[in-house]
Amino acid sequence: DKALRVDMQIELKRIQREIGITTIFVTHDQEEALTMSDRIGILRDGKLVQEGPPEEIYDRPKSEFAATFLGDANILRGNATGTGIRLPDGTGIAAGAGATLVAGMKASCAVRPERIRIATNAGVPDRAHPNMLTGRVSKRIFAGNNSTYFVDRDGQTIKVIVQNTGIEKLAEGQEVVLRWSPESTVLIAAS
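Just so we're aligned, residue 224 is where the sequence shown starts under our numbering, counting upward by one.
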């Protein structure tokens with residue numbers, strides 16, 4: 224039962240802090256890892272891929288593996304431009320201040336589904352937005368307080384999670400525009 228599991232996580236964390244003990248917790252449940260940990264280590268093939276506070280690893284993964292292992296992430300691949308990437312179709316994707324890769328090298332970027340805004344073409348006021356892609360809704364999954372949209376963009380599926388706040392539901396097959404801030408773009412060097 225999910226409610227009991229969440230209550231137990233809160234209680235275990237309280238006991239850890241109260242007693243002041245170090246605990247190693249092994250899990251493949253990303254939500255559990257994020258809520259129970261002060262620090263997370265991600266292992267791949269027996270090697271430490273990334274280690275740090277949960278928010279840091281979630282917001283700034285250092286590899287595609289870390290990005291997709293700890294939560295959902297849309298991975299877009301192309302060539303680095305220095306402060307972003309250029310997709311194969313020529314579309315530029317900008318990253319936040321301080322993010323740099325050597326221009327011309329193969330690279331990718333990760334964008335969390337909940338950081339993407341989705342709208343119909345009519346609902347887009349600023350066509351000069353730095354991170355803007357178009358596509359078609361291929362599927363919508365209603366999950367109570369949120370909906371997950373799967374948007375097809377030239378054969379790649381981009382996942383978008385939005386809060387259900389009474390806004391217009393987008394229909395399958397509907398053309399949409401996706402936008403997100405450069406600060407939500409994580410640059411990743413090709414491995």
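Calculated from the structure, these hints are not laboratory results. Computed from a predicted structure; not experimentally measured. Don't take every hint at face value.
Okay, derived cross-link-like pairs now, PhoX-like style, lysine-lysine, Cα gap no bigger than 25 Å in a straight line [stated by the list, open to error]: (1) Lys285 to Lys329; (2) Lys329 to Lys270; (3) Lys382 to Lys392; (4) Lys362 to Lys329; (5) Lys285 to Lys382.
Computed beta-carbon distance windows for the label pairs [claimed, not checked]: (6) Gly305 to Leu271: 22 to 30 Å; (7) Gln386 to Lys270: 33 to 41 Å; (8) Thr258 to Ala326: 19 to 27 Å; (9) Ile364 to Asp268: 43 to 51 Å; (10) Lys270 to Asn369: 43 to 51 Å; (11) Gly389 to Met328: 38 to 46 Å; (12) Arg240 to Glu395: 41 to 49 Å; (13) Gln379 to Val272: 18 to 26 Å.
Heads up, the beta-carbon is just placed ideally off N, CA and C, and yes, glycines get one too.
Against the earlier hints, flag every one the structure doesn't satisfy and list their numbers going up. Numbers 4, 8, 9 and 10, in rising order.
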